[in-house]
Amino acid sequence: MNEFVEQFLLEARELVEQATDDLLALEEKPGDSERLDSAFRAFHTLKGAAGIVDFAAMTRAMHAAEDVLSAIRTGANPVTPRLIGDCLTCLDQVIQWLDAMQVSGGELPPDAEAGADAILRRFGEESRVGGPVALLALPQQAPVSWVEAMLDGHPEAAAEASTAIRYSPDPGCFFRGEDPLGLIAQLPGIVALDLLPVAPWPELDALDPFACHLVLMVLISGSAEQAATLLHQVLDQVEIRPLRVATGGVEGDPGLSAAARKLLEAQLLLLAEDVAEGAAGRLASAGKVAANVLRHGGKMAEAERLERHLSHSQTAGDPRILATAIEAALNGRLLAGAPDDVGPAPRLPEETAARALRVDVERVDALVTLTGELTIAKNAISHMAGLAQDGMDPKALAALLKQHHVQLDRLVDELQQSVLRIRVLPLNHVFRRFPRLVRDMAASLGRPARLVTEGEATEADKAIVEALFEPLLHVLRNAISHGIETASERAALGKPPVATVHLRATRDGEHVIIEVADDGRGIDLERIREVAMERGVAQAETLAAMTEAEVMDLIFAPGFSTATAVTGLSGRGVGMDAVRMAVDRLGGRVGIESRPGEGTLVRFTLPLTLMMTAVMTVEAGGQLFGIPLDAVVQTVSVPHDRILPVGASHAFVLRDRTIPLLELAEVLGQGRTMTPAAEAKVVVAAVRGGLGGLEVDRLGERMNVMLRPLDGLLTSLWGVAGTTLLGDGRVLIVLDLEEIFR
Amino acid sequence: MLMPSFIRDRREALVAEVARKRVLVVDDASLVRLYYRDALERAGYMVDEALNGLEALEKLLLQPADLLIVDVNMPQMDGFTFLKVLRRQELPLAGTPALVTSTECGPQDILAARRAGANFYLVKPLTQDILVEYAALLCGAAA
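Quick mapping for you: the protein sequence lines, in order, are chains D and B.
full-length UniProt numbering numbers the first residue of the first sequence as 1 and each following residue consecutively.
full-length UniProt numbering numbers the first residue of the second sequence as 1 and each following residue consecutively.
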């Protein structure tokens, strides 16, 4: 994949996110012109980016969206949910294209034209509803001969003119009651007007004296939008060109002086000039000047960034790349884009989002300090080697080594902590996907709801942040499909018709708390009891002995689901047990609280970092395995005659409880080893809410390891939670007891 | 790092010398050259002069500049021709930033300068403050 496509994929994704945020905010507050401008710019920049990678279908689609948004800007179209929905659909299509390109290694999607057509049809309906406005059709500074002829012909007016218009009236316009000149006369701030004969002029014999054979060219000081609004009835016969470079309007970079802006804009104009002669020199000089302007303003990082865009632009021979970067600089967005040092192209789209980490300087400093201390500790070892060589008393040496070990242990521990801290990401990475999804769910279920997110800046380990999407989505789905009443029900209860779902993250010491709270109907404990009995999750007498909290907790039991109606959204065959399992896997807990009539709150308590896993090593079939220590209840020796056959398997009794027993070597397909010992060594573990025994040949030691999940083809390997490297270089396989006892 | 102060001072002076930006003023009017040189030297620039485009090209081939300040109407080789020729040279010479200053103020003049390859256009007469402000921006000098 070439680097433009790579850059395109990264930047386009960010722009889509930006546009999505803006559109959703706009739907909430239709009058928010800043959001509108921002969304418009995002589509505009997307269009420009698509142009650079020659993605014509996407350019068309973005252009259509831009038109619709600019119609909103001129006030010709109102903001409607439908229109926002169409724009969002358009962005969905973009994401699909981007995903396809990512997987194919940068090939343009073959069916893109059809997708673009579909979007155009969608927007076509919109603009019929909303009336006029399709303008700004071409890149804003494209040099056009008639514009230049017009400017050259009226030098005295050129300074004032901000829009050029060419109107070629339909020959039969007079018969339709149109008055081209009268229409033009209404334009705001006319500074020059040319009336030209059409070219080619018809043969005298064929000339229809009642037809219009004129072309009207006008320079006005008014804006292109004003012109388009006035000429909307004849828009198909009109070309409108804004003459000034658009610099993002109201929201430019405030860090740039007026002179700096002027210079940057001048470089844009220089780049837009289509002069073949000396193009490389012009491009280089424009890039150098733009970088210098930024450097002068103390924007060193932006200047460097811009210079990289310059060299991209030079290798591609395409000044538009540099122009886009200068535009971004004018808008103060040059650094807001993706990070520069993007590695080789990833195959899977979802990998990209969190590939590059932004790391706090303090954290890096901490690492540097630790590295220094480690170096000192390392030097001490050679010192001790010297002592040993000099014949130091072995006992004293051992004591010294032990002491040194303690010190190294502490350092390595701190180093691990520091490295883990680097892996943190803000939860925004996962939270930002939800407003859109909640909007769609709420709409499709007919339960008006809005999502309020809080604490998006809270950080957690990258692996945790990335794994939270599924469980959170499920909880949110439940909240909307089951938790929230319909609008009419809510009205009857005196609640606001639109329900609010809060998605909150807070830091609590070494934990991250994530809560999903709705203001819906709450959970009916009686109903849980009924369902639990119906589905055989619990017996009546057990239920009677349970506290309310325990009953509530049954929601997370496998096989339980309070769904009374299967909906397209939530009837996916997984219940809250899947949520609990996902959170468990992250080393967290999930809990639920509810008040009838007031709402439900689901709380995830997650570790801040994926800490070290404590494991116990065991030997079976001549191989060493690790068992996560948090699952181990105890280890016991069971005389062989106390192991009872139960059907095809075995069990033993421990403190009046019958515990199923598996032999690890056999389970792992290494054959049943004849244990000569009279007693079986058994690890008793808590799995799936019960106890299970695992017979091993030998019990080993306890240790803390950094568990690596399996990757690649091994991901689906049964019974293995992950691996870690042992001190002697061997790989320790850590078992997944949940799977083994399934 | 510890370093005797006289060495440090000398080093700083050397660094400052190397960091100074070179400006080549291309103008046939000696008063204009003087006016520009005065402003730029007081602002810390090294200033060189050329009387026309041809002389400017010769000077540039010997020693590159960080910025060119170019007049339009000059004998032997006018500013626009000079810029067109310059932009056709090899990089990095061709990419030297160029500011055109001219008494002509019509949009067609600005357009012509742009088409010749000028990075910016200022209408004469201009104050020394403005000249220095734009020179600093065009050179990327520290604020």
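The hints are simulated quantities; they were obtained by calculation from the structure and are not laboratory data.
Do not rely on the hints blindly, as some may be mistaken.
[As the list claims (entries may be wrong)] Calculated cross-link-like contacts (lysine-lysine; reagent style DSSO-like; alpha-carbon spacing at most 27 Å):
(1) D:Lys395 <-> D:Lys378
(2) B:Lys21 <-> B:Lys59
(3) D:Lys262 <-> B:Lys84
(4) B:Lys84 <-> B:Lys21
(5) D:Lys262 <-> B:Lys124
(6) B:Lys84 <-> B:Lys124
(7) B:Lys84 <-> B:Lys59
(8) B:Lys84 <-> D:Lys402
(9) D:Lys402 <-> D:Lys378
Right, here's what the structure says about each hint:
1. Of the supplied pair hints, the one linking D:Lys395 and D:Lys378 holds, its CA atoms being roughly 21 Å apart against a limit of 27 Å.
2. With a C-alpha separation of about 16 Å, the suggested pairing of B:Lys21 with B:Lys59 holds against the 27 Å cut-off.
3. Pair hint D:Lys262 plus B:Lys84 holds up; C-alpha atoms about 23 Å apart against a cutoff of 27 Å.
4. Of the pairs offered as hints, the one joining B:Lys84 and B:Lys21 holds, with about 23 Å between alpha carbons and a cut-off of 27 Å not exceeded.
5. For the proposed pair D:Lys262 and B:Lys124, the alpha carbon gap of about 17 Å is at most 27 Å, so the pair holds.
6. Taking the CA atoms of B:Lys84 and B:Lys124, the gap is near 22 Å; set against the 27 Å cutoff, the hint holds.
7. A distance of roughly 16 Å separates the Cα atoms of B:Lys84 and B:Lys59; the hinted pair therefore holds under the 27 Å criterion.
8. As the CA atoms of B:Lys84 and D:Lys402 are separated by approximately 77 Å, the hinted pair breaks the 27 Å bound.
9. Using a Cα cut-off of 27 Å, the hinted pair D:Lys402 and D:Lys378 holds, with the two alpha carbons roughly 14 Å apart.
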